[in-house]
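Participant: Start from chain H and add chain P according to the hints.
Those sequence lines, one after another, are chains H and P.
What the first sequence shows, in the numbering used here, is residues 1 to 33, in sequence order.
What the second sequence shows, in the numbering used here, is residues 1 to 493, in sequence order.
Keep in mind that a hint or two might mislead.
Rough simulated footprint, nothing fancy, chain H against chain P, three-plus residues with beta-carbon under 8 angstroms [as the list claims (entries may be wrong)]:
{"no.": "1", "region": "78-85"}
{"no.": "2", "region": "263-271"}
{"no.": "3", "region": "308-316"}
A few chain P residues that face chain H, going by a derived Cβ cut-off under 7 angstroms, partial list only [unchecked claim]:
{"no.": "4", "residue": "M71"}
{"no.": "5", "residue": "L74"}
{"no.": "6", "residue": "V89"}
{"no.": "7", "residue": "P274"}
{"no.": "8", "residue": "V277"}
{"no.": "9", "residue": "I281"}
What follows is a list of derived Cβ distance ranges for each label pair [stated by the list, open to error]:
{"no.": "10", "chain 1": "H", "residue 1": "I14", "chain 2": "P", "residue 2": "L490", "range": "29 to 39 angstroms"}
{"no.": "11", "chain 1": "H", "residue 1": "G4", "chain 2": "P", "residue 2": "F442", "range": "31 to 41 angstroms"}
{"no.": "12", "chain 1": "H", "residue 1": "I2", "chain 2": "P", "residue 2": "R418", "range": "47 to 57 angstroms"}
{"no.": "13", "chain 1": "H", "residue 1": "G4", "chain 2": "P", "residue 2": "S2", "range": "34 to 44 angstroms"}
Please keep in mind that the hints were generated in silico from the structure rather than gathered at the bench.
No residue lacks a Cβ here, since even glycine has one placed at the ideal position from N, Cα and C.
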Amino acid sequence: MILGLPWQTWLLAIAAVVPGLALAWRLRRLDRE
Amino acid sequence: MSPVIVGVLVAYLAILLAIGLWGGRESHDVAGYYVAGKKLPAWVIAFSSNATGESAWLLLGLTGMGYAVGMHALWVVAGEVLGVAAAWVWVARPFKAYTDRYDSITVPDYLEDRFRDTTNAFRIIGAVIILSMVAFYVAAQLTATGKAFDSFLGTGYQAGVFIGLGVILFYTSVGGFKAVAYSDLVQGVLMFGCLLALPFVGIAAVGGWGAFVDGLRAADPDLLLPGGGLGLTPTGVASALGFVGIGLAFLGAPQLLGRFIAARDQRQIIRAGPIAVGCIIVFDMGAIFSGMAGRILYPGLGDPETVLPEMAAGLFPAFFTGIFLVVVLAAIMSTADSLLILASSSVVRDTVQKIFRPDAGQRALSNLGKLVTVLLGVTGLLLALTAERVIFWFVLFAWSGLACAFAPVVLLSLFWARTTRAGAIAGMIGGFAVTVIWVVVFKEGFYDLYEMLPGFAAGLALTIGVSLLTRPPDGAAEEMAEVRAELERLPPR
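Pulled out of the complex, with its shape left as it was, chain H reads as follows:
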């Protein structure tokens, strides 16, 4: 349990947003080039 939630739920929450943010970051970098 982390902050009352099972670790699997945290894993899903992270997996839900991190890949999208990583892809968005690629566009940010491209805009700065």
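Facilitator: For chain P alone, coordinates are given in the frame of chain H:
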């Protein structure tokens, strides 16, 4: 009926009418009416794309899902965030490059030129699919409009539908795509603000994070698990996959591809992507966590999809309750206006101008576009007034039908030069047909698996399979290489 709530509503509707009049200056030719002259900046295309993709389903349906299944709904976030990010990173740029090269205004315009089609097949198939899906999709949005007016203001269902449709038709027909896109920006920002604030207010009202988690556990311990109460059963896996599958539509539903066509240039797309990703995270997480807080604050609701109006009325003073009514309407209108203009483009640009009256004047065509927009809205109105009213499932069905017809074909056309005209036609018809057949025949027997997954898979498989058996268009490989090279050169900042 609180005068404060009515005041907020009137102010919002007045802003939309003003945007309609402002956009009207550029809606006198076909490109102006349907793609705002391809001049839209990053913020507008980013918010417009998300506000179009997310309808009343986000505010009423997804909050209700958070209420009903808890953390299991995070699978929707996973699918949508990845779908939006992948669309902006991989689809938007080559699609924009191709559509600029062809001077396309609609997705069938693009498909016709990409596959050197001279038979109007893409226009006719596209028009049939778009018109059939949009009619019910818009009707579902109008149903939600009637419900929202009635539950917030007590106007009665029919009066709500008439007021909502009247405003949408005014600014969409007068202002065209420019008004639709800029009103989407206003509507998207309103949705963003409320879905950012509501979960924090809801969790604070429960008593903070610890009380929030304890409350959910007390209501039902399964609400805290990623598998919900279903776990790793076939039904649980099918449910999670279906939730993820909702995001596939962002890769190529025609109402969203229109935003890429209308962007000013490649630089705007690069800037819009991160905005759209941040926005969709707030939209989805906000809706789900609000719904979960609502589960503790308002247990035992007969219809979980009323949790957001309950929270808006119970947790906020009248002014903010008015804002929440506006936000629900914003989500509805930002989707309905885009669908109406998509369907209008399908009739006027793809059918009348390109098939029957290529010599028609620009002003006459844009006026016809406005008339068709109104007629389509009235069709949606008749359906909303007569059909069964609980039709949120139809939003997801139409979302899937539009996406499965277009997204697999568009994706392959952008990345696989070997894609052929026959393959694309088979993929469009097959993707759409499998969506419909799945719902009617197979869905119930296959753990209620969402139709997007078989429909999308069929679209991909048929496009690839038939393409391998037929000859690709002349010069497609060279053209794809040129587009790739073009993407290396960005316009100056």
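Participant: Now, for every hint given, state plainly whether the structure supports it.
Facilitator: Now the hints, each set against the structure:
no. : hint                               : result
1   : 78-85                              : holds (count 5)
2   : 263-271                            : holds (count 3)
3   : 308-316                            : violated (count 0)
4   : M71                                : 5 angstroms, holds
5   : L74                                : 5 angstroms, holds
6   : V89                                : 5 angstroms, holds
7   : P274                               : 4 angstroms, holds
8   : V277                               : 4 angstroms, holds
9   : I281                               : 5 angstroms, holds
10  : H:I14 x P:L490: 29 to 39 angstroms : 32 angstroms, holds
11  : H:G4 x P:F442: 31 to 41 angstroms  : 40 angstroms, holds
12  : H:I2 x P:R418: 47 to 57 angstroms  : 48 angstroms, holds
13  : H:G4 x P:S2: 34 to 44 angstroms    : 38 angstroms, holds
Going down the numbered hints, you'll see the structure goes against just number 3.
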